[in-house]
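Construct the complete structure from the given sequences, taking the supplied hints into account.
Numbering-wise (our numbering), the sequence shown opens with residue 48 and increments by one.
For the record, the hints were derived by calculation from the structure and aren't laboratory data.
Beta carbons are placed, not taken as given, at the ideal position from N, Cα and C, and that holds for glycine.
Be careful, since some hints might not be right.
[Unchecked claim] No more than 20 Å apart at the CA atoms, straight line, and that leaves these computed lysine to any residue pairs for SDA-like:
id : residue 1 : residue 2
1  : Lys164    : Glu139
2  : Lys194    : Val160
3  : Lys292    : Ala280
4  : Lys274    : Asp261
5  : Lys64     : Pro106
6  : Lys188    : Asn165
7  : Lys53     : Leu186
8  : Lys64     : Leu258
9  : Lys161    : Pro239
10 : Lys122    : Glu139
11 : Lys64     : Ser74
12 : Lys54     : Lys71
13 : Lys161    : Asn177
14 : Lys64     : Lys310
15 : Lys274    : Asp184
16 : Lys76     : Met65
17 : Lys53     : Thr97
18 : Lys194    : Ser215
19 : Lys164    : Val187
20 : Lys311    : Pro239
21 : Lys71     : Thr167
22 : Lys96     : Val160
23 : Lys64     : Phe295
24 : Lys164    : Phe72
25 : Lys64     : Asn177
26 : Lys310    : Val160
27 : Lys235    : Asp246
28 : Lys54     : Leu186
29 : Lys122    : Lys71
30 : Lys188    : Pro198
31 : Lys64     : Lys292
32 : Lys311    : Asp300
33 : Lys54     : Asp184
34 : Lys122    : Pro106
35 : Lys311    : Ile321
[Stated by the list, open to error] Beta-carbon label-pair distances, calculated as ranges:
id : residue 1 : residue 2 : range
36 : Gln254    : Thr228    : 42 to 48 Å
37 : Gln254    : Arg146    : 54 to 60 Å
38 : Leu212    : Lys64     : 15 to 21 Å
39 : Lys292    : Ala162    : 25 to 31 Å
40 : Gly307    : Ser90     : 47 to 53 Å
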Amino acid sequence: MKQELKKTIGIIGGTGKMGSWFSKFFSRKGYKVQVSGRTTSLSIRDCAKTSDIVIVSVPIGQTISIIREIAPLVKEDGLLMDFTSIKQAPIEAMLAHSRSAVIGLHPMFGAGVKALKNQTIVICPARPRNYLPWIRDLLVKDGGIIKIITPEQHDRMMAVIQGLLHFSSISICHSLRKLGTPMSEMEKLSSPIFRLSMDVVGRILNQDGNLYADIELLNPFVVETLKTYITDAQSLLAMIEQKDKAAFLAYFDEAADYLGNFKKESEYYTDSVIEFLVDKGRRR
Numbered sequence: 048m049k050q051e052l053k054k055t056i057g058i059i060g061g062t063g064k065m066g067s068w069f070s071k072f073f074s075r076k077g078y079k080v081q082v083s084g085r086t087t088s089l090s091i092r093d094c095a096k097t098s099d100i101v102i103v104s105v106p107i108g109q110t111i112s113i114i115r116e117i118a119p120l121v122k123e124d125g126l127l128m129d130f131t132s133i134k135q136a137p138i139e140a141m142l143a144h145s146r147s148a149v150i151g152l153h154p155m156f157g158a159g160v161k162a163l164k165n166q167t168i169v170i171c172p173a174r175p176r177n178y179l180p181w182i183r184d185l186l187v188k189d190g191g192i193i194k195i196i197t198p199e200q201h202d203r204m205m206a207v208i209q210g211l212l213h214f215s216s217i218s219i220c221h222s223l224r225k226l227g228t229p230m231s232e233m234e235k236l237s238s239p240i241f242r243l244s245m246d247v248v249g250r251i252l253n254q255d256g257n258l259y260a261d262i263e264l265l266n267p268f269v270v271e272t273l274k275t276y277i278t279d280a281q282s283l284l285a286m287i288e289q290k291d292k293a294a295f296l297a298y299f300d301e302a303a304d305y306l307g308n309f310k311k312e313s314e315y316y317t318d319s320v321i322e323f324l325v326d327k328g329r330r331r
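In structure tokens:
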């Protein structure tokens, strides 16, 4: 541990939200941290040259070009990591353009969280050498939940976890807009579940659209995922148009069976959330 603490961690994009979060995290752990960003005097090339551990934390669309520029400069006995929401392409670029150890990281939380406790971090150890135990143990010590998978597994899962959720949320909002009822009016008549669902939609649409565009457009598995979703939605619509209750119930039960015990867990959890929202006067 003492030997690791002597290493300098450089974060390219360290003035951004996630970069800043981890800059503070590593600093609290006793590491020397230097950051390179749009407003810093330290260039990305100098940051890569003078750091032992280099982390790329920039927008998805800029990640590959940044990696190609700085990866050859990372020390051979050093570590190159990225925080990108897509893993295959960045990891391939890091492997191709560097001689260092390579690990892909995806923090599954926003920069607004106060601590790592119970937060999931995905790790894709591509060429980890002796660095995997270090980063894994460092995150686990603060309560992080570590999931180790391949870059392809990551991108396929994120096509659903992020791509499908964001797509459906944006689509729902556009449907509501076209139907012509103001959100303020729907709130007055809404059920707690509608309100809770729309809170998720509102949270997504309150973020920077560039991030969501990159997730949808640059993950190679998103289109396949969305086509499956649309096909199933069209099948359900056909049952409703034909007023085929038997088909609807069979379709409903098939979906419910897929969820298994998750259904009861979800009801228990959302009951608690709804009770909290009602107590806080969120119903209007």
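Next item on the list: Of all the hints given earlier, name the ones this structure violates by number, lowest first.
Entry: As far as the earlier hints go, 1, 9, 13, 14, 15, 18, 22, 23, 25, 26, 29, 30, 31, 34, 36, 37 and 39 are violated by this structure, in ascending order.
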